[in-house]
Structure formats: structure tokens, C-alpha cells
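Chemist: From first to last, the protein sequence lines stand for chains A and B.
Anchor point for the first sequence: position 44 equals 24 in the numbering used here, and the numbering is continuous, going up by one each time.
Anchor point for the second sequence: position 75 equals 55 in the numbering used here, and the numbering is continuous, going up by one each time.
If you are wondering where the hints come from, they were derived from the structure by calculation, not from laboratory data.
A portion of the hints provided could be inaccurate.
[Said to hold, decoys possible] Result set (DSSO-like, lysine-lysine): computed pairs, CA atoms no more than 30 Å apart in a straight line:
id, chain 1, residue 1, chain 2, residue 2
1, A, Lys181, B, Lys181
2, B, Lys2, B, Lys62
3, A, Lys139, B, Lys175
4, B, Lys30, A, Lys30
5, A, Lys181, B, Lys175
6, B, Lys181, A, Lys139
Number of protein chains: 2
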Amino acid sequence: MGKLETSPKNGARKSAGWQAEKSTMMQVAILESAIDCFIDLGYSNTTTAKIAEYAKVSRGAMMHHFPSRLRVLQAAIEYLHKKRLQEYDMLMANIDVPDRALSRAVFYESVQMAWRYANLPSFTAYQEILAASRTDRELAEFMAPVERDFENQYREHAKSMFPHWSDLGEYLDLAIDVVVFTTQGMALSHMVQNKEARVDKMLNFITDQLQLIYGSAVSES
Amino acid sequence: MGKLETSPKNGARKSAGWQAEKSTMMQVAILESAIDCFIDLGYSNTTTAKIAEYAKVSRGAMMHHFPSRLRVLQAAIEYLHKKRLQEYDMLMANIDVPDRALSRAVFYESVQMAWRYANLPSFTAYQEILAASRTDRELAEFMAPVERDFENQYREHAKSMFPHWSDLGEYLDLAIDVVVFTTQGMALSHMVQNKEARVDKMLNFITDQLQLIYGSAVSES
DNA sequence: CATTTAAAAAACAATCCTGTATGTTTTGGC
DNA sequence: GCCAAAACATACAGGATTGTTTTTTAAATG
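Full structure from sequences and hints, please.
Modeler: What follows is the structure in C-alpha cells.
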């Protein structure tokens, strides 16, 4: 009941490596299930049994591929990391900059994408892990390079998007911090009243600040 | 071994209510230990045994005062809530405003205090609880009014601190959000590189933004 | 087709945690 | 001093979770 495909379909005859394919399919299913568990149950409530249940796989089968809980979780974190890097590129690629003119619209779209980024399910999953890492030394060490990766991606993308700023590193870093801290602060806050309106105001406000920072940067150069 | 005072000291003769006093002493010790556990171990790793160990009390004694884990945790949350409200007042009372002049120094000190507030141990403990509440419906319902309390405190304090803004609710709310989201976003982010410098830049930047918002507010009135 | 190997499922032991139940000490009133 | 009640300590049962072991099933190969 509820297994993955257990035998090759008639159409696709037994190809040499179909077993390996099925194996990786299952592994992906397990990792994605682990991430879903982070989101639904929280990091520490993500048990091996729950992951297997989500993946519609017996716990024994899972333990065959990932010999311990830690291994599953670390693999899931790596999987999530790659996914988030991709999602970031996807979102930012959506920004419409007809002729690379630094209009307000460009800034605003960037801010909006950052906000969307902080509202993806993968962001929630990631925050669960980060929160757990605060009191889990081993996990924290595992996460450190991941965090560095993100900081680098932010900077690299910003550099390519706003080449004028490439030289003025300080202002660029400030602009990034403003956007990241604000959007993530909003995403992590549990706003009770008129969330939408406040978010909207904040996003517009940040956009204005970006323009201001940019103005300072160019006037200084 | 390692108990609280188990009998009245010679100096203080058996007063009528000393038993009740000792009882509340122990309860306070337990609640503070629970909060320490949140900080050291994380919310979900805070077991009844650990709390008792931290409080240097037998688990049985603890279960006598708090019949279930949930009760201890809820009592600890309420205790933490009061503590945080007090700490906020303490910090904000420190802001030196000689003649209520709205100089940059006043804004800056406010921002700095908000940053300090987000770096208190109690903030960490609180975030542990908030994070856990995301996947714990019962806890979330328990936390909702607490969150409202804080939002109200922010607004009330800001109103009293900047009476000129009292009428322009929108700008005041924006200013509060800017400070809260930014400082909390920073506190929750795991900055890897030159944290101090970035924080310093952000605090100064926010201060400038507050002045700007204030300028918009007064020019509109 | 038979056999060997990998994959999957199930069963098991060890640990931890909660809640309760039972036993012991201490306190306050008489 | 004595007794009832509370405060405190210890012991135990039930459930959950992890990792291991054992059994069963499926696949690959000669």
C-alpha cells in the first residue's frame, strides 16, 4: 500500500540502470519529505518515522539509504540549500529591467522579490534549521558554510544587477543588509494587525531607502 | 544535596508564612530555570527533568507545584512576558532626553536601545517560544495575546516618547516597524562576517531614516 | 532457471520522557 | 510532644524514538 512504483512499467523495458534511478527517486522523495516535515512539524519534531510516512516509504527502506537520522537531515539540508539557491536565481531573474535603467521600479521589484523569497516554504524550512542550530553545535558547524554561501550569493547578484555599485562595496553591502534584515525580520515576526498594509508600507519605504543609498554612492564617486 | 534552604535560619524564627514564601521562591527558581533551558537547550529540548536539574530541585517537587509539563511552560512564558515588559521599560527609561528635544541623539539612543533589547537573553528565550508556536497550535493561541501586548507597548512608548507623532499614527507605526523589523531581523540573522561593523552601520542608517520619517510627518501636519 | 546480491519490511532492544503512584520528610496547629 | 496536611523524593508504567538485527522480497547475472 502506498509504495512507489515497485516494478518497471510495460512500456519501459528493464533498462540497465533503472534500479539506480528508482533509488535516487526514492532518495529525493525522502529528502523532500524531510523538508515538508520541517515545515509542518518543526525541526525537532521531524522524526525518522514521520519522514518515512510523508515519503510513503517504510522506515526500514529509508534507513537502508540513510543509515541514521543525522544523515537524512544533513542530506535534506544540502538538498534544501541547492533548492534555495535555485529559487533565488529564479526569482531574481524575473526582475524586469528593460534597459538596465535604475528606475524606482527596478528597486521596487528587487525588494518585492526579496520579500517573496522570504515567504517561500523553503525559507520557513531553512529558518527551522537555523533556529535549531543555535542550540546544536554539530548542526551549527554544518550550517556555517551554507550561510556564507547565501551571503555571497546576495552580494554577487547585487553586483551584477547594479554594476554601478560594484566599486562602492560599502554602500552595496549596506543596501543588501537593509533589504535582507527587513524582509526577514518581517517574515519572522508574527504580525497580528493589518499585516498586509504594514508590509506594503515597509516595502515601499525600503525602496525609497535604496534609492537614497544609491544616491549617496554615486554622489561620492 | 543541592536543595534550596530546607529549614528556617536561626536568625529568622518560624514566621507564620515562611512556608508560602519558600514555595514561591521555589516556583520562581523553577520558572527561571525553564527560561534558562529555553536559551541553553531550545524550547523542545526543555524537558521536565532538565528544568528540575537547573533549578536544583527534584522532579517530584516540581511536579507538585506544576502538575504537568504544559503548566510549567505556560507559567514560564507568563513569567518571561512580564520580565520582558519590565526590561523594555528599563531600557527605554535609560534614554537621555534632556529637554525632549528631538535631536538625532534621541533617535539614535532609541534605536540602540531597541538593538540592546533584541540582544537580551530573554529575547532569545522568547524567540524560541515563538518559533515553536509556529507548529504548535495550542502554544500559538497562548502566544497571540502576548504578541498583541508587545505591539501595544511599542506604540504606547513611542507615543509618549515622541508626542508630536501621536496624531500621525501612520508615520509612527511605520517608524516602529522599521526599528523593530530591522533590529529583530539582525538579531535573528546569523551574520558571519564583520557583524559589528554592519550592525553599527545599520543602526546609524535606521536613525537617519527615523529622522526622515519624522520630517515627512511634521511637514504633512 | 538458479543463485547471489541489493532493497525493503518487520521485529527488537535501549534510551528517554511524561505522568502517576507511592513513600518519606517537614511544617503548622493543637 | 502529637497529628494532619503539605511539601518533597523515589519508583514505576506507558509511549515514543532511535539504531540494529532479522526476515522477506525483488532484481541482476551467469
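Chemist: So, for every hint listed, does it hold in this structure?
Modeler: Verification of the supplied hints:
{"no.": "1", "hint": "A:Lys181 <-> B:Lys181", "verdict": "holds, 23 Å"}
{"no.": "2", "hint": "B:Lys2 <-> B:Lys62", "verdict": "holds, 21 Å"}
{"no.": "3", "hint": "A:Lys139 <-> B:Lys175", "verdict": "holds, 21 Å"}
{"no.": "4", "hint": "B:Lys30 <-> A:Lys30", "verdict": "holds, 26 Å"}
{"no.": "5", "hint": "A:Lys181 <-> B:Lys175", "verdict": "holds, 28 Å"}
{"no.": "6", "hint": "B:Lys181 <-> A:Lys139", "verdict": "holds, 20 Å"}
Every hint, counting from the list given before, is met by this structure.
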